[in-house]
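Q: Chain residues, written in single-letter form:
Protein chains: 2
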Amino acid sequence: MLTKGKKILIADDEADILEIIQYNLVKEGYDVITAKDGDEALLKAKNNKPDLIILDIMMPKKTGDEVCEILRSQPAFKNTLIVFLTALNDESSHIKGLETGADDYVSKPVSPKVLVSRVNALFRRVNMEPEGKVLKIENLTIDPDKFEVVVEDKDVTLAKKEFELLYLLASRPGRVFLRNEILNQVWGNDVIVGDRTIDVHIRKVRQKLGLDCITTVKGVGYKFSL
Amino acid sequence: MLTKGKKILIADDEADILEIIQYNLVKEGYDVITAKDGDEALLKAKNNKPDLIILDIMMPKKTGDEVCEILRSQPAFKNTLIVFLTALNDESSHIKGLETGADDYVSKPVSPKVLVSRVNALFRRVNMEPEGKVLKIENLTIDPDKFEVVVEDKDVTLAKKEFELLYLLASRPGRVFLRNEILNQVWGNDVIVGDRTIDVHIRKVRQKLGLDCITTVKGVGYKFSL
DNA sequence: TTTTATATTAACAAATTGTGAAGTCAAATC
DNA sequence: GATTTGACTTCACAATTTGTTAATATAAAA
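Residue numbers (our numbering), protein chains in the order written: chain A, 1 to 226; chain B, 227 to 452.
Hints are supplied without guarantee of correctness; some may be wrong.
[What the hints assert, rightly or not] List of simulated lysine to aspartate or glutamate pairs, EDC-like, C-alpha gap at most 16 Å:
1) Lys-113(A) <-> Glu-317(B)
2) Lys-362(B) <-> Glu-378(B)
3) Lys-218(A) <-> Asp-371(B)
4) Lys-339(B) <-> Asp-13(A)
5) Lys-36(A) <-> Asp-13(A)
[Claimed, not checked] Partner residues aside, some chain A positions facing chain B, computed with beta carbon under 7 Å:
6) Leu-88
7) Glu-91
8) Lys-113
9) Val-114
10) Gly-174
None of these hints come from the bench; they were simulated from the model. A quick note: this is a predicted structure, and the numbers were derived from the prediction, not measured. Ideal Cβ placement from N, Cα and C applies to all residues, glycine included.
Based on the sequences and whatever the hints tell you, model everything.
A: Written out as structure tokens, the structure is:
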């Protein structure tokens, strides 16, 4: 069987639903992992880094909402697709679900085929802007897959945060990122770190690259520019 | 209300639906264009290059499916978000719609608020977060994202307040801003600064730009004019 | 001319960022 | 299990930039 190389985690406490959805997604070529409550979903999400997570809202241990919120607050899951699957069909929970950061909200009962279609549509849209895009700016290359930075044919080793910081800035050369934006993107929404932390990391990147490619915009933020 | 700078085209032959959706999207900060049949939708799509298009399926002239297919075949609309809004609720048309290249498929009747939520979610996912508007006036360019001012191909570095001041004035060339308005917009409603403070900043902008583009209207305020 | 509002300049205060050193913690190595 | 290593953070202080004021000069209106 040809696999799409996309991992999907399904969390639902109803075993039969879990099974039928799993069956249909596997048939479509996805790798599927299942969980039967909120805590298990969180655990498996962390261990398996799925590309998409289907969450039932009414689950034991933790509700889908809660799982979603916890995941979204972590940088590692900022780009993970999340779909709510729920028997609730009132307007307010629908809206709340989407605002929590879900990418789709599907009401039960739903045909497995329709669900698969929606999953396909989400991947289609997201894959247009591939996340692991290699950035090349003059003699600087940044490869997020290999986690590798090359300056003038020489490898530069950056730590994780340093790399993420550089990648963020370089992903939109010229654009100024507010200190707040940087915090949210690199550190995560809820993490609290001191003001000087960003500076120190910026400094390390500047130091290691040996290039004057990060410009300070005082009172605003930082931007990449060569 | 601050606009998100995102254009949405809605195509539906039912005038009342058109109106209520338009109202809700505008309230949310989107720029909205409407069309009442398939041909008009195509025409307006080409002329306005919307970021997202909401298509009713059952429309005169051309159906939503057809419009979608035509648009998707053109490179210019590869990345445009498309949402089907339809009374059809059978599984096969749902699936077919998504496979045609739609990004979402919403069944009528739908609460306008839910629709707005789904639209927001789509924009959030494609990371099309609104960008500030770049102002171009003759040989002067002001880019709020890059925090950059270019005069005759030369970069000019402005401090934060200076930039905000210039951006405010230049956003409405010719319009006179009262000193009070300037204070509110640039410094904030509650900040108290002396009268001369504005003058000094105006002077710095004039100096740095090397252009006579800010005119004093004595006893009233300042205006941008080239 | 007199009055009033704005321009200019320099000095000062405030806010922001840069830097080196040191501490914390967890993972890797011995 | 102890030790080492390295990533990450914080701190204190230096360096820098920005914002504000005050004093004086200039120009426009009355």
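Q: If a hint holds in the structure, say so; if it does not, say that too.
A: Verification of the supplied hints:
1. Lys-113(A) <-> Glu-317(B): holds, 8 Å
2. Lys-362(B) <-> Glu-378(B): holds, 12 Å
3. Lys-218(A) <-> Asp-371(B): The hint holds at about 14 Å.
4. Lys-339(B) <-> Asp-13(A): violated, 30 Å
5. Lys-36(A) <-> Asp-13(A): holds, 5 Å
6. Leu-88: violated, 13 Å
7. Glu-91: The hint holds - Glu-91(A) has a Cβ within 7 Å of chain B, the shortest such distance being about 5 Å.
8. Lys-113: holds, 6 Å
9. Val-114: holds, 5 Å
10. Gly-174: holds, 4 Å
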